[in-house]
Amino acid sequence: MRLVYISLLVSAVAASSATQAQPSIMGGAREDFRRYCAGCHGNAGDGQGENADWIDPKPRDFTLATFKCRSTPSGTLPTDDDLYNTVRRGLVNSNMPSWRPLADDQLHSLVEYIKTFSPRWKTEKPGTPITVPPEIPVTADDILAGRALFQKMECWKCHGPEGRGNGPSASTLTDSKDQPIKPFNFAASSRFKCGTTNQDLYKIFLTGLDGTPMPSFADNFHGDDAWHLVHFLRTLQQAESPEKVVWEQWASTHQGQLKPIGPDGGGQ
Amino acid sequence: MTRTIAALGVALIGTTAWAPSAPRATLAGSVTGTITFTGTPPKMKPIDMAKEPSCAKQHATPIETETVVTGPNNALQYVVVYVSAGDQGSETPTTPVHLEQKGCQYIPHVVVMHAGQSLEIANNDQTSHNIHPLPTKNPEWNKSQPPGSPPIVTKYDNPDFIPVKCNVHPWMHGYHIVLATSHFGLSGNDGTYTITGLPPGKYTLTAWHEKFGTMTQDVTVGAQPTKADFQFKATPY
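Residue numbers (the working numbering), protein chains in the order written: chain A, 45 to 312; chain B, 2 to 238.
One should not assume that every hint holds.
What the hints assert, rightly or not - Here chain A is said to cover these stretches of chain B; the calculated rule only asks that three of the stretch's residues, wherever they fall, bring their Cβ under 8 Å from a Cβ of chain A:
1. 126-133
2. 142-154
3. 163-171
Keep in mind the hints are simulated off the structure, nothing from the lab.
Since this is a predicted model, take the numbers as computed values, not measurements.
Beta carbons are placed, not taken as given, at the ideal position from N, Cα and C, and that holds for glycine.
Taking the hints into account, I'd like the entire structure generated from these sequences.
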């Protein structure tokens with residue numbers, strides 16, 4: 045009898061190691077995913093993990109292959125690097141932490157594993173990453189141009205005239221799963237959804253945050269437009285920034301020359 | 002004799018298989034019909050556009066939501082009727098389909114196209130819109146379109162029933178219907194639709210409404226226009 049048990053055990057172990065030992069780069073990604081990710085994202089990667097009900101914003105549903113943080117145009121798949129960076133960095137204002145404690149090859153394997161949940165990864169290639177040109181110098185004219193864009197592109201309708209995330213449309217916004225979502229508050233944080241640098245912010249204008257109300261402005265921005273807007277947005281934050289220094293200096297000598305941003309405003 | 006007919010049949014089948022589109026146009030029949038409803042449809046709400054004065058002033062009286070648009074004699078508008086089975090293949094039209102944003106409204110509310118067909122979206126308002134389709138079988142995207150920008154030209158590769166919204170103006174709702182056939186019709190305010198260019202044969206028609214779901218009906222198309230009416234059950238909620 046004992047012999048039967050042992051042989052059963054041995055064959056069970058052999059069977060399970062046979063399914064796990066797929067000769068792929070994923071290594072222990074399935075185990076890592078179940079250990080670190082599935083609690084929120086679900087074993088099936090559909091964002092329906094057991095914690096999902098208590099989380100806002102909701103965990104990403106990988107079966108849709110729609111991702112906020114990309115270097116690629118709206119509607120296209122992100123690059124592996126984009127996914128790697130997101131997992132490593134985490135997402136501010138959400139429950140997604142930074143996974144820097146995991147080893148690099150674990151993160152890369154998890155990225156591969158995440159890509160198994162949607163068939164899009166088999167039929168489509170990631171989009172062509174947008175190029176971020178060298179940053180232009182910060183000047184008062186540059187920031188003024190950014191402010192004019194903030195008015196003209198109607199960023200304020202969601203993000204509010206002062207970038208506090210309280211524009212007239214803010215309270216009505218929902219994400220693509222009909223969950224309420226708040227526009228970013230530029231006064232409250234200088235860490236953005238997809239990174240902390242000016243380059244990261246630049247990218248967001250041209251890619252949009254897919255799955256959210258934030259659209260891509262790739263067809264609307266020309267020349268240095270996106271840099272102007274980046275520099276203007278940097279003047280809205282609480283923390284010090286080179287842009288704030290330039291802006292405050294300009295503002296001190298041009299008192300009352302700006303119309304407030306809003307329905308009829310924005311100009312000098 | 003039977004053998005000759007059989008041989009002819011084979012020859013015919015062979016011809017149609019090799020030259021699918023050219024001879025068919027001359028034989029084309031059509032389907033027409035009226036879409037109506039029974040029961041009580043939901044009341045559409047007037048839209049408050051006070052937050053967007055440039056749009057509000059374009060409407061003498063506030064427009065209503067368009068989820069259920071009815072016409073005289075219980076006619077139901079914006080129903081897409083299309084060949085869902087029996088279609089012997091249709092080519093992607095080379096002409097684009099047009100969608101306009103005007104008065105903070107999608108015109109038309111429902112726009113129908115063939116998979117792969119070009120879709121041109123124009124913004125004729127003095128305000129920024131963002132076009133945000135929420136597809137299930139195509140990639141989701143979201144693009145801003147400030148006043149005066151050129152039309153967005155896009156296409157969907159896979160058949161899909163896609164709700165579309167503008168996040169800036171939450172009342173703006175529409176549908177992009179992507180079909181695997183170019184044999185479709187869209188009901189007007191009098192409830193009528195027409196599908197043209199259908200070769201004689203047996204088909205299944207599907208009628209789709211965004212609120213009341215789908216209905217199907219089998220039809221046999223001959224040389225005369227074929228009639229196929231649909232009656233949806235309306236519920237107030």
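So, going through the hints one by one against the coordinates:
By the rule of at least three residues with a Cβ nearer than 8 Å to a Cβ of chain A, the coverage given for the region 126-133 of chain B holds, with 5 such residues. Beta-carbon proximity to chain A at under 8 Å applies to 9 residues in the region 142-154 of chain B; the threshold of 3 is reached and the given coverage holds. Counting residues of the region 163-171 of chain B whose CB lies closer than 8 Å to any CB of chain A gives 4, which reaches the minimum of 3, so the coverage claim holds.
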